[in-house]
Amino acid sequence: MRHYSFASDTMRSLRRNKAAMLGLIIIVLFVFMAIFADKMAPLNPLAQNLSNNLKPGFWAHNTKNLLGTDEFGRDLLSRIIFGSRISLTVGFIAVLIGVLLGATFGILAGFFGGWIDEVIMRTVDVMFSLPSILLAIVIVAVLGRGLDKAMIAIGITYAPQIARIVRSETLSVVNNEYVEAAKAIGTPSGTTMWKHILPNVLSPIIVYGTLSIGSAILDAAALGFLGLGAQPPTPEWGAMLADSFHSITGGYWWVETFPGIAIALTVLGFNLLGDGLRDAIDPRLRGKG
Amino acid sequence: MRNYIIRRTLNLLLVLFVVSILIFLLIRLAPGDPARVMAGEHASPEALAAMRKQWGLDKPIVEQYIIWLAHALRGDFGRSIQSHESVLRELLLRFPNTFELSLFAMIFAFLIGLPAGIVSAVKRYSIFDYGSMVLALFGVSMPVFWLGIMLLLIFGIWLNWLPIGGRLSVYISLKPITHFYLIDSLIELNFPAFWDTIKHLILPSIALGTIPMAFIARITRSSMLDVLHQDYIRTARSKGLSESKIIRKHALRNALIPILTAAGTEFALLMGGAILTETVFSWPGIGTYIIQAVNARDYPAVQGSVIFVALLIAIVNLFVDIAYAYIDPRIHYK
Chain Z
0 MRHYSFASDT MRSLRRNKAA MLGLIIIVLF VFMAIFADKM APLNPLAQNL
50 SNNLKPGFWA HNTKNLLGTD EFGRDLLSRI IFGSRISLTV GFIAVLIGVL
100 LGATFGILAG FFGGWIDEVI MRTVDVMFSL PSILLAIVIV AVLGRGLDKA
150 MIAIGITYAP QIARIVRSET LSVVNNEYVE AAKAIGTPSG TTMWKHILPN
200 VLSPIIVYGT LSIGSAILDA AALGFLGLGA QPPTPEWGAM LADSFHSITG
250 GYWWVETFPG IAIALTVLGF NLLGDGLRDA IDPRLRGKG
Chain L
0 MRNYIIRRTL NLLLVLFVVS ILIFLLIRLA PGDPARVMAG EHASPEALAA
50 MRKQWGLDKP IVEQYIIWLA HALRGDFGRS IQSHESVLRE LLLRFPNTFE
100 LSLFAMIFAF LIGLPAGIVS AVKRYSIFDY GSMVLALFGV SMPVFWLGIM
150 LLLIFGIWLN WLPIGGRLSV YISLKPITHF YLIDSLIELN FPAFWDTIKH
200 LILPSIALGT IPMAFIARIT RSSMLDVLHQ DYIRTARSKG LSESKIIRKH
250 ALRNALIPIL TAAGTEFALL MGGAILTETV FSWPGIGTYI IQAVNARDYP
300 AVQGSVIFVA LLIAIVNLFV DIAYAYIDPR IHYK
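Quick mapping for you: the protein sequence lines, in order, are chains Z and L. The numbering of the first sequence is numbering that gives the first Met the number 0, which starts it at 0 and goes up by one. The numbering of the second sequence is numbering that gives the first Met the number 0, which starts it at 0 and goes up by one.
These are computed hints drawn from the structure, not numbers from a lab. Any given hint could be a false lead.
Stated by the list, open to error - Derived, one-sided and incomplete: chain Z residues facing chain L with beta-carbon distance under 7 Å:
#1 M120
#2 V123
#3 V125
#4 I132
#5 V141
#6 G145
#7 F224
#8 W252
Glycine included, every Cβ here is placed at the ideal spot set by N, Cα and C.
With these hints in hand, go ahead and build the complete structure from the sequences.
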């Protein structure tokens, strides 16, 4: 008999999904770009050259700055390549924070029930009643601006959705015999949750986590654009759009176009892969949406 | 039905109550003396003392919250540090701008998203289906503000068809009556102002409406697909009804329910997107107010606007729930 493990089953289903594979390729390319940014970037992303500012790129036969330069004469291509490092890191870490918070509270709510569940789930309801970007803005307003604070703020806003999903998954496994057995032999609650519940609620966490990385990157770019995330001269894509925003009235379209394309492509990659993962892991959702 | 509405309203009040506690505590977490935080960095010692007395800042935190709540219930969210105006008054003055923008964005989203979703479902796996779903996927992957910037660049700067920002051109005069510019210009029969207002609304509405549009198209498609496989659709076909009548009378009406349920979520999305869209188009709405308040560390304004937005979203959700109960006769709320 052939053995079908969860991971190999998921991979097989993923490989058949062309859109998910395209997403994976996009992500791999951007991860590659982020890791080898120092090798790939043609110029220093922070080096200013005021005499060479707002120069068009390859369409004007500029071979030195393929995507042109910004208002400080910095090479746009190099800034975008280094920006991938920031955006991917922010996306991953923010979602990690959200997953840690959401999974912890979700498992606690599902495992203990009663008033603990009530308090946690009512707080989740309230956080849902506000747009996540507004919540993130308020948290940044309190914590102070900066990339690290933006990551924390975005992570917090992702926790409620994860908590909700993890709670309902926990409820579906908490009455299983192995959990009952663990309780019966006197296993401490913490150990039961860690060893018996967490492994069984991991797959929705992985799916939702992947789907969230894309939106976390979008939110980080939005905070950067509002001047609340990464601060200049950091080559963060959202902040780059904000820094050069006033240049577009002069028709310098490239400074506002390429960082946006970079954001949209990365997010598209994560959305495609996330959709594929969801279909692969949860066959009930296949063919919907 | 009446009991249902009462219960939902009580639930709304509970959510707002918890939002107010959360925001109150969050603002207190800001580093520094709360009186200085609320009065601004350059407040005089007298102003600080007055602030402490007015808001009971020397009292325990629970008492502080009760004092704050008592003020808030009377519509007093405090005064903005920047303008020294009442925060509620400033929000109410800006609300019509955000409302008109959101309304147009929603009209745009439904006008394109609904037909796209229906056609995709009816002609499943056709080029149109794939095309519109790919576009929808791009729509949700793009940053709202970047889409706004691109629209501005193409239609505002290159083609010079539409204004690049603001609410009204400087050479147009309009006496504000209701502060809803479309209504005001109609009341005054000021057609240049009416036309100018529309022109200023187009680009931001498209930018703001794109994500809800993608969302509506996706939900419409999957909801129509569910309905189209039901027995009563087959029955309608076997009766010999025309395909367009089946879609209009039998499928769409039933498919509308999940689409409407999502409308509440869409409105929350819209308010979030409004913050970014308004920033790109220098739109004098609630979104730009919040950003100015956050940048100036104007905490009374931040606190007031968050509760205002939470209230708006809660009211919209309440209306959606009630409309939902009316539209779907199968639902009986006990």
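Hints, verified against the model:
{"no.": "1", "hint": "M120", "verdict": "12 Å, violated"}
{"no.": "2", "hint": "V123", "verdict": "11 Å, violated"}
{"no.": "3", "hint": "V125", "verdict": "5 Å, holds"}
{"no.": "4", "hint": "I132", "verdict": "4 Å, holds"}
{"no.": "5", "hint": "V141", "verdict": "5 Å, holds"}
{"no.": "6", "hint": "G145", "verdict": "14 Å, violated"}
{"no.": "7", "hint": "F224", "verdict": "5 Å, holds"}
{"no.": "8", "hint": "W252", "verdict": "6 Å, holds"}
Of the numbered hints listed earlier, those contradicted by the structure are 1, 2 and 6.
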